[in-house]
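Enquirer: What follows is each chain in one-letter form.
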Amino acid sequence: MTPRRGWLPVATVMLLAGCAALPSMPPPIPSDTVPTVRATPTISAGSDALSPDGFDAVRRMAVRIRNVGCGEVSTGSGFALTATTLVTNKHVVQDSARLQVSTYDGHDVDVTAASTAALADLALVRTKEDLPSSPQLAATDPRQGDPVTVVGYPLGGELTVTNGHVIGTTTDPLNATLGQVLVTDARVEPGSSGSAALGADGKVIGVVYAKNDAGYSFLVPVSTLRAMLDDKTGFQPAPTCAG
Amino acid sequence: MTRTDLPTTPGAAEPATGTSLAAAPAAEPRARSRRTTVVVLAVALGVALAGSGALTWYLLHVNAAWQQHSQQWQALAEQHGADLAQARSDLESTRTELQAVQDQLTTAQTRITQLADEKAQLGDQTATQQQLADYQARVSKAAGQVATALATCIDGQEKLIGYIENSAQYDPQSLASYRQDVQNYCGQARDANASLQAELTK
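For the record, the sequence lines run as chains A and B.
Throughout, the working numbering is defined as the position within the first sequence, counted from one, plus 420.
Throughout, the working numbering is defined as the position within the second sequence, counted from one, plus 9.
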């Protein structure tokens with residue numbers, strides 16, 4: 421290639437390079453510049469955490485139990501274990517002529533049967549209608565210092581939620597329950613018996629059954645409750661005052 | 010220098026003449042090359058002028074397009090700014106409404122809990138009153154049984170006294186049997202009284 425002919429490709433390349441360096445025309449304005457953001461609800465639909473009336477699961481699981489005996493009326497608390505089974509204390513349901521259960525919103529639930537445990541202050545009550553909500557049982561007992569929430573009907577009054585911590589364990593001062601029981605500083609009163617004691621994750625860690633003069637509450641630990649539930653003969657029909 | 014050098018003299022002059030004759034053809038290509046160069050340069054200059062003109066037109070066109078583009082983006086940004094302001098206003102309004110609804114829900118929940126408690130207390134009172142009514146019914150029934158048994162006992166004793174006063178008129182065996190019946194009536198009265206006392210002590 422002669423020098424005279426060689427300038428043509430060079431000039432072509434330079435021309436193309438120059439054209440490439442030129443600013444291009446602006447792109448068209450997009451019709452929609454708003455990004456699509458997918459909303460993430462904090463509470464999923466159908467969740468058990470919130471009911472249509474706004475009550476949380478902690479309150480919806482609680483029930484009030486009226487023991488109409490032969491000559492006296494007493495009240496206690498309980499909580500749903502399944503849709504038609506609730507847990508309470510043996511001393512709440514025993515010696516009754518009739519048991520009456522009501523929910524957090526005042527609905528009455530018919531009772532079909534009651535049974536009590538021989539080795540712990542625990543009882544199961546079967547209901548005809550479904551209960552509003554049932555919690556999960558914790559896999560293990562809580563440790564000292566763990567937070568505890570008690571939901572029940574102290575003094576047979578309004579549904580109340582109290583908080584405290586696990587103080588430790590001890591033998592049952594009432595000799596109603598075998599093994600160790602939990603001691604907490606959550607405030608309870610007569611009528612709180614059978615209340616669910618919940619851990620930080622909302623799972624049941626025990627069942628309130630007693631208190632002492634120092635203001636400490638005593639719980640049947642969830643491990644005992646699980647053992648009683650696993651034992652086919654753990655619960656027998658509750659004794660009635662009619663005999 | 011010898012003669013022989015003489016013939017070389019014209020020869021020496023020839024190269025001069027030859028040189029003179031040879032210079033005329035060499036100047037022509039140079040002139041042609043110069044003209045060619047001028048033409049090429051002129052063409053190149055023309056092309057360059059045309060190219061720069063086209064470039065200038067293109068750059069002005071691009072500049073106008075980018076200015077319009079910028080104005081469109083600015084208008085879009087202003088529109089989005091207005092939308093954002095409206096959305097923020099709507100959000101604040103919704104938050105206020107949500108707070109009001111939450112307050113109402115809390116009030117409703119509190120009221121539901123109170124009503125549930127009032128219903129439970131009424132149920133307790135009803136159960137207690139029912140038990141009291143049952144108790145009073147049992148006491149009344151026991152008192153009635155006591156009164157009936159006592160009346161029977163007293164009536165029997167009065168008759169028995171009369172029979173004993175005229176015992177000669179009656180068969181002693183029948184009299185003894187009647188005495189036993191009276192004792193049974195009075196025993197039933199004592200039992201009824203014991204039941205009444207038991208109810209009263211409950």
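Please keep in mind that the hints were generated in silico from the structure rather than gathered at the bench.
There could be a bad hint or two in this list.
Not the full set, but computed from the structure, chain B residues with beta-carbon under 7 Å of chain A [claimed, not checked]:
| # | residue |
| --- | --- |
| 1 | 71 |
| 2 | 97 |
| 3 | 99 |
| 4 | 114 |
| 5 | 118 |
| 6 | 122 |
| 7 | 124 |
| 8 | 125 |
| 9 | 126 |
| 10 | 128 |
| 11 | 137 |
Quick caveat, the model's predicted, so the values are computed rather than measured.
We treat Cβ as the ideally placed atom computed from N, Cα and C, and that holds for glycine.
Enquirer: Is the shortest C-beta separation between residue 125/B and chain A less than 7 Å?
Expert: holds (3 Å)
Enquirer: Hint residue 122/B vs chain A: min CB-CB distance below 7 Å?
Expert: Holds: closest Cβ of chain A sits about 5 Å from residue 122/B, inside 7 Å.
Enquirer: Going by Cβ atoms only, is residue 126/B closer than 7 Å to chain A?
Expert: holds (4 Å)
Enquirer: Hold the hint about residue 99/B up to the distance rule: shortest CB distance to chain A must be less than 7 Å.
Expert: It is violated, given that the least Cβ distance between residue 99/B and chain A is near 15 Å, above 7 Å.
Enquirer: Answer holds if the nearest beta-carbon of chain A is closer than 7 Å to that of residue 137/B; otherwise answer violated.
Expert: holds (5 Å)
Enquirer: Holds or violated: is there a CB of chain A closer than 7 Å to the CB of residue 128/B?
Expert: holds (5 Å)
Enquirer: Let's test the interface hint: is any C-beta of chain A closer than 7 Å to that of residue 118/B?
Expert: holds (6 Å)
Enquirer: Taking the least C-beta to C-beta distance, is residue 97/B closer than 7 Å to chain A?
Expert: Given a least distance of 15 Å, the restraint on residue 97/B is violated.
Enquirer: Given residue 71/B was flagged as interface, is its beta-carbon under 7 Å from a beta-carbon of chain A?
Expert: Check passed: Cβ of residue 71/B comes within 5 Å of chain A, closer than 7 Å.
Enquirer: Verify the interface restraint on residue 124/B: the C-beta must sit less than 7 Å from at least one C-beta of chain A.
Expert: holds (6 Å)
Enquirer: Given residue 114/B was flagged as interface, is its beta-carbon under 7 Å from a beta-carbon of chain A?
Expert: At 5 Å from the nearest chain A Cβ, residue 114/B passes the 7 Å test, so the hint holds.
Checked against the numbered hints above, the structure violates hints 2 and 3; every other hint is satisfied.
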